[in-house]
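Chemist: Read off the chains here:
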Amino acid sequence: MNQDKRIRTLVAKPGLDGHDRGAKVIARALRDAGMEVIYSGIRQTPEQIVDAALQEDVDVLLLSILSGAHSFLFPRIMELMKKKGLGDILVLGGGIIPVEDVPELKALGISEVFGPGMTSETLIKYITENLSAGN
Amino acid sequence: MDLVDGVRKGSVRALAKLITLVENEQPGAIEAMESIYPHTGNAYIIGITGPPGAGKSTLTDKITKELRRENYTVGIIAIDPTSPFTGGALLGDRVRMQGVSNDEDVFIRSMATRGTLGGLSRATADTSKILDAYGKDYVIIETVGVGQDEVDIIRTADVSILVVIPGSGDDIQAIKAGIMEIGDIFVVNKSDREGADRLVTEIKMMLDLSSAPRDWTPAIVKTIATEDKGVETLVEKIKEHREYLMESGTLALRRKERIRSEITKIVENEIFRYFDGLIAENRDIYDQRLEDIVGKKEDPYLLAKQAVEIIAKKISKKAGEYKGRG
Ligand code: B12
Ligand SMILES: Nc1nc2c(ncn2[C@@H]2O[C@H](COP(=O)(O)OP(=O)(O)O)[C@@H](O)[C@H]2O)c(=O)[nH]1
Ligand SMILES: [Mg+2]
Numbered sequence: 506m507n508q509d510k511r512i513r514t515l516v517a518k519p520g521l522d523g524h525d526r527g528a529k530v531i532a533r534a535l536r537d538a539g540m541e542v543i544y545s546g547i548r549q550t551p552e553q554i555v556d557a558a559l560q561e562d563v564d565v566l567l568l569s570i571l572s573g574a575h576s577f578l579f580p581r582i583m584e585l586m587k588k589k590g591l592g593d594i595l596v597l598g599g600g601i602i603p604v605e606d607v608p609e610l611k612a613l614g615i616s617e618v619f620g621p622g623m624t625s626e627t628l629i630k631y632i633t634e635n636l637s638a639g640n
Numbered sequence: 075m076d077l078v079d080g081v082r083k084g085s086v087r088a089l090a091k092l093i094t095l096v097e098n099e100q101p102g103a104i105e106a107m108e109s110i111y112p113h114t115g116n117a118y119i120i121g122i123t124g125p126p127g128a129g130k131s132t133l134t135d136k137i138t139k140e141l142r143r144e145n146y147t148v149g150i151i152a153i154d155p156t157s158p159f160t161g162g163a164l165l166g167d168r169v170r171m172q173g174v175s176n177d178e179d180v181f182i183r184s185m186a187t188r189g190t191l192g193g194l195s196r197a198t199a200d201t202s203k204i205l206d207a208y209g210k211d212y213v214i215i216e217t218v219g220v221g222q223d224e225v226d227i228i229r230t231a232d233v234s235i236l237v238v239i240p241g242s243g244d245d246i247q248a249i250k251a252g253i254m255e256i257g258d259i260f261v262v263n264k265s266d267r268e269g270a271d272r273l274v275t276e277i278k279m280m281l282d283l284s285s286a287p288r289d290w291t292p293a294i295v296k297t298i299a300t301e302d303k304g305v306e307t308l309v310e311k312i313k314e315h316r317e318y319l320m321e322s323g324t325l326a327l328r329r330k331e332r333i334r335s336e337i338t339k340i341v342e343n344e345i346f347r348y349f350d351g352l353i354a355e356n357r358d359i360y361d362q363r364l365e366d367i368v369g370k371k372e373d374p375y376l377l378a379k380q381a382v383e384i385i386a387k388k389i390s391k392k393a394g395e396y397k398g399r400g
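Line by line, the protein sequences give chains A and B.
Taking this note's numbering, I'd label the letters of the first sequence as residues 506 to 640.
Taking this note's numbering, I'd label the letters of the second sequence as residues 75 to 400.
No false leads were mixed into what you were given.
Calculated lysine to aspartate or glutamate pairs in the EDC-like style (CA-CA distance at most 20 Å, straight line):
(1) 588/A x 178/B
(2) 83/B x 179/B
(3) 510/A x 350/B
(4) 303/B x 271/B
(5) 589/A x 179/B
(6) 510/A x 344/B
(7) 296/B x 306/B
(8) 588/A x 179/B
(9) 311/B x 301/B
(10) 379/B x 350/B
(11) 339/B x 105/B
(12) 589/A x 178/B
(13) 587/A x 609/A
(14) 589/A x 76/B
(15) 388/B x 355/B
(16) 529/A x 617/A
(17) 392/B x 108/B
(18) 91/B x 593/A
(19) 139/B x 178/B
(20) 139/B x 552/A
(21) 339/B x 108/B
(22) 630/A x 593/A
(23) 330/B x 108/B
(24) 296/B x 282/B
(25) 139/B x 302/B
(26) 139/B x 301/B
(27) 303/B x 266/B
(28) 510/A x 105/B
(29) 388/B x 350/B
(30) 589/A x 79/B
(31) 388/B x 344/B
(32) 589/A x 177/B
(33) 510/A x 99/B
(34) 588/A x 177/B
(35) 311/B x 321/B
(36) 391/B x 344/B
(37) 587/A x 178/B
Label-pair distances were calculated between CB atoms; the ranges are:
(38) 179/B x 548/A: 20 to 26 Å
(39) 356/B x 533/A: 37 to 43 Å
(40) 577/A x 173/B: 20 to 26 Å
Quick caveat, the hints were computed from the structure, so don't treat them as lab data.
On a predicted model such as this, the values are computed, not experimentally measured, just so you know.
We treat Cβ as the ideally placed atom computed from N, Cα and C, and that holds for glycine.
The shape of chain A in the complex, shown without the other chains:
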């Protein structure tokens, strides 16, 4: 029997930020939508996150951050992603990220940024639409 291609995702928490509720909520939502979700755990360095994305061959990388350190951590992550040839992976950000920071993050190659109040449906729709458009 042929296996369908499953969507593989990595939910990662960069930096020292310990707020992991949101990350766990989206991890479960993605699983319930039929995706395979790798959860990295908290306190990940950009290197660890990018290595995990590489080894796990994910289609989507989801970065959750509530500490305010996104403007420092996201550029580092995106730089490493390019360096390792992972520019084709869909990268999403979320957590507590002020709207005025979003354009700068999108310029790095982060496709979209989500915040409190985002519904699972919105996220899943965004992923499925953007993956089928990209591939």
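Model the placement of chain B with the ligands on the given structure of chain A, informed by the hints.
Modeler: Relative to chain A, chain B with the ligands alone:
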């Protein structure tokens, strides 16, 4: 770039992509495995099984660290169950493998069972071969064990490690259910908890009672994975067992047995693919006959026999084309 070439040249990206290709059974997967096979046989495969929460991931992390100290390279396959309801899976083993997660010489791949029974995913054996061909010295397979599931690990690993913990009462029950025979090494993890020594004694007794003739007396090792205690001894036991396997010729026998059951599986898979295709081509007829069978107008044995006959014809036709070409 050809993925197999990439793997042989040490590309991590190619390694990850090839595993995906094989896991998804995409076109080219079987051909890729054909080219991988000649390069396998060098890695030593460690299987770790036991109930959820026993500390398998934590132990895998610590065993890997120990092996890295001696400069061995390691590939890890961490398996978690697919949800039968949604087909999705939450793969959280990496969380406990932080100690080795940014080491260039350690490759960790999380896998979902994708509906396969037996604790391993269907692609586990192939993934282990790919890691072997990539050049890893050790491949560690972590699998969730629930009762009978552990049995599959021995078909894939060179050494099977069964992890149990004190104080959960039903563990010994689980061991009794026939899996006593599969453990080459027993680990009593969470030995910081009460009852570890009692559990060791119980396992020992059970091993003595077991009538299976054996040349290797399974080792029992107490560990506290979170504190990195007992792991050095565990790795020593793994090596001792490996020496025993080599000297007694059991390793070669085990690997031969493994290939034997793999061949059966590959054939099963191949034939099943034909069957799947046959149903897909004749969906309406199949549905109609299914109705008839349910309504006792027909029986399933006749349908199965006919299906096998058609498949046999298709296969011999394909074999003919194959000969004609080459
Ligand atoms: C609960 C909470 C805590 C808990 C965390 C428990 C835990 N294990 O998660 C505790 C009490 C431990 C805590 C501690 C602290 N907290 Co606090 N905490 C909160 C609080 C009230 C709610 C966060 C939460 O769990 N929300 C519920 C989840 C489900 O929502 P969410 O995380 O926003 O996620 C949703 C969306 O944002 C989105 N999402 C999230 N990530 C991602 C990623 C992607 C890719 C996508 C697509 C979507 C997405 O999806 C989720 C579901 O809709 C917020 C305030 C707030 N209202 O947000 C402050 C807040 C985050 N905390 C804050 C602070 C300052 C701290 C502390 C530093 C306080 C201190 N001085 O000690 C510590 C730091 C702890 C640490 N180690 O990091 C600040 C951060 C300020 C900033 N960014 O500039 C906030 C914003 C409060 C504030 N207004 O000041 N905190
Ligand atoms: N007290 C104690 N806790 C442990 C030990 N080993 C692992 N744990 C904890 O047990 C939990 C499950 O561990 P994990 O490695 O994920 O188990 P797995 O499900 O078998 O892979 C985690 O919270 C670990 O920190 C140990 O030796 N002692
Ligand atoms: Mg685990």
